[in-house]
Amino acid sequence: MRLAIHHLTRIEGHAHLVVDADRGEVTACRLEIVESPRFFEAILVGRHHRDVAPLVSRICGVCSNSHTLVSLAATEAALGVAVSEQTRDLRRLLACGEILQSHLLHLFFMAAPDYLDLDSIFPLDRRRRDLLTRALRMKKVGNDLCRVVGGRPVHPVTPRVGGFSAVPEPADLHGLRRRLVAMLPDLEAAVDLVGGFDFPRLDRPAECLSLGGDDGYPLMGDRIVSSAGPETPVGAYREVIEEYLVDHATAKFARTPRGAYRVGPLARTTNAFGALTPMAARVADALGLGPGATNPYQTVVARLVETVHWVEEAILLIDRLLIRGVVAEPPVEASGPGRAVAAIEAPRGLLIHEYAYDDQGRVVAADCVIPTAQNLASVEADLRASVPGFLDLPRPELARRLEMLVRAYDPCVSCSTHLLSVSFEDGGGAG
Amino acid sequence: MSRPGGVVRILCLGNPLRGDDGVGLRVLEGLVAAGLPAGIEVVDGGVGGLSVLDDLAGARWGVLVDAGMFGSAPGTVRRVAGDAVAGLAAAGEPFWSHPDLGAVLALGRELGRLPPLVAYLVQVGSIGPGVGLTPPVARAAASLVPRVAAEARSLVRPS
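Chains as they are written, first to last, in the numbering used here: chain A, 1 to 431; chain B, 1 to 159.
Treat the hints with care, since some could be wrong.
[To be verified] Stretch-level coverage of chain B by chain A, calculated; a stretch enters the list once three of its residues show a Cβ under 8 Å from a Cβ in chain A:
| # | segment |
| --- | --- |
| 1 | 48-62 |
| 2 | 141-149 |
[Claimed, not checked] Among the chain B residues that face chain A by a calculated CB cut under 10 Å, a handful are:
| # | residue |
| --- | --- |
| 3 | Ala103 |
| 4 | Val104 |
| 5 | Ala106 |
What the hints contain is simulated information worked out from the structure, not anything from laboratory work. Ideal Cβ positions, reconstructed from N, Cα and C, are used throughout, including at glycine.
In isolation and in its complexed conformation, chain B is listed as follows (with noise of 0.2 Å):
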């Protein structure tokens, strides 16, 4: 649910340990050293799980940024949007790379708990042990920075 007073929430998830599971957390760090207006915090939401519902609660608009797996070429950039985001699970589709985040936001939908979702996902390389990412998930993050900022920005004074 919309909350007229709430802020502009950016939830980043994954597990910098997996690689380029990490990449949320990559496009968290440049944010953060980008610096951000008021109206907009970002999270570390780690591996996910139900502490997202927690994460989002009481936001205005939840922006997702996560690892992803969807048969792209590693480093490609999917932007999901309203209710699709939250149905990505029940589509069935081998989507997120937390494989109970979908089930996580279906329920989070139905219990009336999400603001509105805008997610950020990113076609993973390689997500084998070990700290880094590859190339062109590294140039993937690096483009995000600033489209998930200049997309919060808008959400914070919708045109």
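So here's chain A without its partners, still in its complex pose (with noise of 0.2 Å):
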């Protein structure tokens, strides 16, 4: 039997899902990425520190702000620029409206339909329009939180290295705090919903990374760590996570010593489930997700979490800047040699970024290590893993789930191809 499911549909980018099976037995399975590589490293090499951030915000529409927040912190890293707490908490806030948007997107445009037997969200019943309407403002509070904090709701144009070029007006904070306690009842209306998912059954533990050293739910730090026990330092990446090349992507896979493994929204509560808010815990238990959740089906309910978690976070942010009050900063001067590691929690996981600069404070070395390219290898794992129990389902139906299966990873796919090693046969290479 082969199943092949061309142009994967509702996640970013462009793949091919490809299952053959012998008599039960899972003889092939592929999640091919076609997207076309962007060399996003080799672009910056040669490049100013101020054009960096900006330059590599490009590499995702959903997720500009994680991108531009870690080029930031990896550049004043290696470039020895310190940050004030009003620039943390900005920056965390700026954060927070990237997860509302993308974690929102995702749950009500993406997986929704499959789990209300829909091609897509337009044409929702008009009983239950309300949905839509809700999805929609919800939405609207992220993408504004956004625009106030970095100046866009998409590739922000406000944090620069060592702070930021503009901040956000009192009054417009206020606003953003109003809508954000506002929009209590809608999430009340999204747990409704998502309860009555029914989530396809997959048992399959995996690792779990993270970041740590945050002193709360994971969103910047400057350790990774597994649920498999050890932890690293972030500027020792590479000593835990090895990308590699295969042949049916356009995209590096990651693993571990340990093999394939989980990042992202089911990674996060897995190892920081005490860390979230007294509403977020609630909502998790209400629906029945806990610190060891195995079915990678239930990284949508994590979302959610998650989306409730940042809300109340966000009200918490602005109170504490309107509180400080927020001044105007000066630009800081800054000037190489260096070389540093940065890491955030992007909406889909663990995003790494580093450079190393040359003493007029460009970049002549970069690499980007992006979450979908990291949960890859742990979809095809799920895929494997959940085949044989499907294969008894009409053919419709068992694509519906190994596409649901992808889907709730989330996966940004034109993220993932940035970069293909290209050897010459001359002897050549070139990253």
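Using the hints, put the two chains back together into the complex; each one sits in its own frame.
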């Protein structure tokens, strides 16, 4: 039996899913990444540090803020630039906004149609149009958080090395706070919605990686935490994460010394369940999500739990900013040489940037480790584990469940194809 | 829905890296350079998508300026008003240069999230990779600047 789904829908980017099975045994299972490679690391070489964050922001239209923030953190660490507490809080708030944007987009527009037996959310039955209204209203809060702090809903323009070129007006922060509080009834409706989803059963324990060292739920930190036990300084990420090439994908795959691993919402709730806000923990409890969750379909639940968490966190961050007062900060001068690694929890998981700068502050080497690329091996392992249990299903239902499984990771395929190593027949090479 | 106290919002759409698809943003530049009176806002709507509903929220009137593909000579301008704007997708016309925009407008109308709309569509010549408009589309953009501004002024103070 061969099941081939060309151009999976409701994911970011382009991928094919191919499964071969013979007498109940899976003989091949591939998530074929067919996006063109994008060579971002090579583009960065020679660029001045001022240009780096705006360039890497373009790796992704969904997580452009995460790329910006981790890029700035890596550059600042490399060039010895310290940032203020206000800058740290504003950056966290910007990250909150992007997580809300991304998670809500996935929950309502990518995942929900699977569980409501629809191809798309647009033709949702008119009696349930309130769901769309609620989804759009909540997503707009995320968009506006990013706009107020970052200057635009995507591809932020205010963050810069050392701080921000413009800071939010107090009135705008007050307005956002009111709207975040007003989101609570919409979040309750989202909990009711997701509580009604019938998740396929799949029990596949996997190693989970997330950030630690931030005294709270993973967002920014200096340690990579593994559910398998060891902790690794972010700067030594190559000791725990090995990227490798496969024949069927233009994206790099990744593994730890123990094999495939998960990053993202389910990995974070696994590693840091106790750091969820009280309301988020109650939502997790109500939806049956615990710290030992092993069903990747439940990543959808973890995404909603995190949405609640970051709404609460955003309110607290705004309170802190307003109490202290937000002031404009002067630009910071920085120069090289230097080399550093930084990491952030992007909506889809652990995102690492590493740069080396010369004495003119220009990039001489760069590496970006993308969450979706880290999850690809785990997606394939989940597919291999799930197919034998689904083989008795009618073919359309089998296909639907496998597509749902891929979508549960909310893969951002175009992000993952950031680099292709090229070997030339004459023995030369280029990265 | 019409908001008595709201503004007239001109939403210019397109991707300037795709040749004539940047016509909406060329019009935006002209409108900004010419200056607009109070009560009229001009917004870069990017390549559309669901954010169009946000961009139009709270407006008394919405004026869309975008590239179109409706089988006419490059640079031809087509004006559509009223329910016909959101109904273009339902009619199955290959009209918008951004295929999801018609569906988003139809959804916005059904959700009651749209102000009354006027749309100006410019037939594209080339939308391949590259910056810059073909001559007929550039001429159309120049002619649209005063026309769109005049229409927006008339909507601020309807006669």
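Going down the list of hints, with the structure as the test:
{"no.": "1", "hint": "48-62", "result": "holds (count 5)"}
{"no.": "2", "hint": "141-149", "result": "violated (count 0)"}
{"no.": "3", "hint": "Ala103", "result": "6 Å, holds"}
{"no.": "4", "hint": "Val104", "result": "9 Å, holds"}
{"no.": "5", "hint": "Ala106", "result": "8 Å, holds"}
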